[in-house]
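Protein chains: 2
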Amino acid sequence: METLLLNQQEVSELLNMPDAIKAVEEAYKAYNLNKVQQPPIVSIDVAEHKGEIDIKACYSGISGMTSVKTAVGYWNNPEAYGLPTLLATICLFDGKTGYPVCIMDGRLITEYRTGAAGAVSAKVLARKDSKTVGVIGAGSQARMQLRALAEVLTIETVKVWSRSKEKLAGYKSDIEALLGINVVICDVPEESVAEADIVVTATPGKKAIILKDWIEKGTHIIAVGADMEGKQEIDPEIFSGAKIVVDSIDQCTLKGETQNPIKAGIISAKDIHAEIGEVLLGKKPGRVNDDEITIFDTTGMGVQDNTTAKIIYDWAVEKGLGQYLRLI
Amino acid sequence: METLLLNQQEVSELLNMPDAIKAVEEAYKAYNLNKVQQPPIVSIDVAEHKGEIDIKACYSGISGMTSVKTAVGYWNNPEAYGLPTLLATICLFDGKTGYPVCIMDGRLITEYRTGAAGAVSAKVLARKDSKTVGVIGAGSQARMQLRALAEVLTIETVKVWSRSKEKLAGYKSDIEALLGINVVICDVPEESVAEADIVVTATPGKKAIILKDWIEKGTHIIAVGADMEGKQEIDPEIFSGAKIVVDSIDQCTLKGETQNPIKAGIISAKDIHAEIGEVLLGKKPGRVNDDEITIFDTTGMGVQDNTTAKIIYDWAVEKGLGQYLRLI
Numbered sequence: 001m002e003t004l005l006l007n008q009q010e011v012s013e014l015l016n017m018p019d020a021i022k023a024v025e026e027a028y029k030a031y032n033l034n035k036v037q038q039p040p041i042v043s044i045d046v047a048e049h050k051g052e053i054d055i056k057a058c059y060s061g062i063s064g065m066t067s068v069k070t071a072v073g074y075w076n077n078p079e080a081y082g083l084p085t086l087l088a089t090i091c092l093f094d095g096k097t098g099y100p101v102c103i104m105d106g107r108l109i110t111e112y113r114t115g116a117a118g119a120v121s122a123k124v125l126a127r128k129d130s131k132t133v134g135v136i137g138a139g140s141q142a143r144m145q146l147r148a149l150a151e152v153l154t155i156e157t158v159k160v161w162s163r164s165k166e167k168l169a170g171y172k173s174d175i176e177a178l179l180g181i182n183v184v185i186c187d188v189p190e191e192s193v194a195e196a197d198i199v200v201t202a203t204p205g206k207k208a209i210i211l212k213d214w215i216e217k218g219t220h221i222i223a224v225g226a227d228m229e230g231k232q233e234i235d236p237e238i239f240s241g242a243k244i245v246v247d248s249i250d251q252c253t254l255k256g257e258t259q260n261p262i263k264a265g266i267i268s269a270k271d272i273h274a275e276i277g278e279v280l281l282g283k284k285p286g287r288v289n290d291d292e293i294t295i296f297d298t299t300g301m302g303v304q305d306n307t308t309a310k311i312i313y314d315w316a317v318e319k320g321l322g323q324y325l326r327l328i
Numbered sequence: 001m002e003t004l005l006l007n008q009q010e011v012s013e014l015l016n017m018p019d020a021i022k023a024v025e026e027a028y029k030a031y032n033l034n035k036v037q038q039p040p041i042v043s044i045d046v047a048e049h050k051g052e053i054d055i056k057a058c059y060s061g062i063s064g065m066t067s068v069k070t071a072v073g074y075w076n077n078p079e080a081y082g083l084p085t086l087l088a089t090i091c092l093f094d095g096k097t098g099y100p101v102c103i104m105d106g107r108l109i110t111e112y113r114t115g116a117a118g119a120v121s122a123k124v125l126a127r128k129d130s131k132t133v134g135v136i137g138a139g140s141q142a143r144m145q146l147r148a149l150a151e152v153l154t155i156e157t158v159k160v161w162s163r164s165k166e167k168l169a170g171y172k173s174d175i176e177a178l179l180g181i182n183v184v185i186c187d188v189p190e191e192s193v194a195e196a197d198i199v200v201t202a203t204p205g206k207k208a209i210i211l212k213d214w215i216e217k218g219t220h221i222i223a224v225g226a227d228m229e230g231k232q233e234i235d236p237e238i239f240s241g242a243k244i245v246v247d248s249i250d251q252c253t254l255k256g257e258t259q260n261p262i263k264a265g266i267i268s269a270k271d272i273h274a275e276i277g278e279v280l281l282g283k284k285p286g287r288v289n290d291d292e293i294t295i296f297d298t299t300g301m302g303v304q305d306n307t308t309a310k311i312i313y314d315w316a317v318e319k320g321l322g323q324y325l326r327l328i
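Sequences listed follow chains L and Y, in order. Residue 163 in my numbering sits at position 163 of the first sequence, and the numbers go up by one each step. Residue 107 in my numbering sits at position 107 of the second sequence, and the numbers go up by one each step.
Just so you know, these hints were derived from the structure itself, not from any lab. Careful, some of the hints might be misleading.
No copy labels: a pair is met if it fits in one copy or bridges any two.
[Said to hold, decoys possible] Okay, derived cross-link-like pairs now, EDC-like style, lysine to aspartate or glutamate, Cα gap no bigger than 20 angstroms in a straight line:
1. 123 <-> 278
2. 167 <-> 229
3. 35 <-> 54
4. 165 <-> 250
5. 319 <-> 190
6. 29 <-> 292
7. 270 <-> 237
8. 270 <-> 187
Kindly generate the complete structure, drawing on both the sequences and the hints.
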């Protein structure tokens, strides 16, 4: 038996956003059908080299695979070594035997499955007529969120703000070229949020950028940036009275945006309306009227890597891509 | 930059017991020099396929590598799929950049580094004139322990007992052929332990096989089998008055043989004399006279995989073995 190796180029040829959205939906449903074993995320802090390592592992009884993703962030990489800051490797093991069936680069999969998460939430939590998206942040995840939203809604205008002003022109030209959507560059975050049907926050921020007063009735907020303790992008008061949906209650109350209103005593975990998989499975309602403010807090789960990597593996086998090697 | 892939055959050509002993000594020292980041072991129970997955991750500032080992045990594998029960894959990432430098089969490394652990303990805890080893269990780890002990002491006689009588003849012929040591097959465990200078327990047992009355003054016990909650091989009363050394206090009090005397209230964690790295570093004494009963409880640490895999990687680069692939 052999192990299939897929490099970044091959993964890139096989990966597309509609598949990633399908994979993330399957992931969320499997999680809330209790078909998933997903141990806590393991982190290693390599302070001496300004690096952090996160290991997300997961067995899914639906995909039939165990996945182990090692994702690293090394902030000296671009300048000191000419390497990307973020790298990731995913190993897939046969769920029935533990045999390593595939090892693939995981960086693009992480980007796509994180982008897809916002779109999956928008399908059940955003107003169907959502046309305007306010985007906070102008990095690669701010792009991915838009690419995914454009698959599930007819987006006409994007209003982007970023603390890094120098990134805004690139964001505008990329999104306009890729998606044909008009991008408005905003001077202040309030302008980005004003009249937005959907607000996406995708920054590494540690304090609130979006204030409660700015958010209009009917807005859907996709909070992507906060994924560890101490991170924050929105005013915790926004959670008060909003319909709060998370990918994982365990993760979001500790590492997601939801940690902040809980710490501030504004909500408690029982005020979380649902995990997204419960909504997708019809166990709990999504948006029920045009006035609700909805929040989707996503920290990223191992099961998203698992189902997305499985789709890539299946495509690679079907199309004969990659290199087989006898590991054992 | 490319990633080196090493299959089981190549690892086997590069791996030898003296190197494994050196690597495990380095691992234990690094751990007690606080040069190691070693998060808790992550386990996934795949009950529907009789499988278990353990992920041991570690960064070592000494080896300069982050290692992630995924080890699986699937009890249906041999009969249902013609595969070994135990499989393992190790990924090594550059500690400075997070780049995946090497992916290698990890099954043999696990066996060797576990065997080497007992020998490292014997160097500082067994009597120097130890000649007779009582072995409980006749599986592959019972063989590895002997192979490693024979590197550090002049062993003349092995007295082996196993619940699986059918394995004993094979154990005897293997050890005699490999090490030229006389192996005596014992009918009862008491016979195996009698007059043994060193006792090795390497079974998957869940209750005491070795009783306190059988253990003579001056004996060194290497407790290898217990590595998860509920496992047990020796009478917890043996811990009372013995010099207890462990690989990791955190792991052994929860998953090692040491869990049992603690649960029984016979000792508490503060009765543990040392972690083995403290002894190797000279921070705490090893054996100080010929009468002490010493116990080494080992559950296996990620840092052992880390340092052993690093030696294999270095050898592979030096000898030009393995296959390079551009993953990123």
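* To do: Check residue 35 against residue 54 for me: Cα-Cα at most 20 angstroms, and say if that holds within a copy, between copies, both or neither.
  => between (23 angstroms within a copy, 19 angstroms between copies)
* Up to 20 angstroms between alpha-carbons, please classify residue 270 paired with residue 237: within, between, both or neither. => within (16 angstroms within a copy, 47 angstroms between copies)
* Asked: When no copy is named, should residue 29 and residue 292 be tagged within, between, both, or neither for a Cα gap of at most 20 angstroms?
  -> neither (24 angstroms within a copy, 58 angstroms between copies)
* Intra- versus inter-subunit Cα pairing at 20 angstroms for residue 167 with residue 229 -> This pair counts as neither: shortest intra-copy Cα distance 26 angstroms, inter-copy 52 angstroms.
* Between the shortest in-copy and the shortest cross-copy C-alpha distance, which are at most 20 angstroms for residue 270 and residue 187: within, between, both, or neither? -> neither (37 angstroms within a copy, 60 angstroms between copies)
* Can you tell me if residue 165 and residue 250 fall within 20 angstroms by alpha carbon in one copy, between copies, both or neither? -> neither (35 angstroms within a copy, 48 angstroms between copies)
* To do: Could you place residue 319 and residue 190 in one of the four classes (within, between, both, neither) given a Cα distance threshold of 20 angstroms?
  => Intra 47 angstroms, inter 61 angstroms, cutoff 20 angstroms: neither.
* Is it within a copy, between copies, both, or neither that the alpha carbon of residue 123 lies no farther than 20 angstroms from that of residue 278? -> within (14 angstroms within a copy, 57 angstroms between copies)
In terms of the numbered hints stated before, the structure departs from hints 2, 4, 5, 6, 8, listed from lowest to highest.
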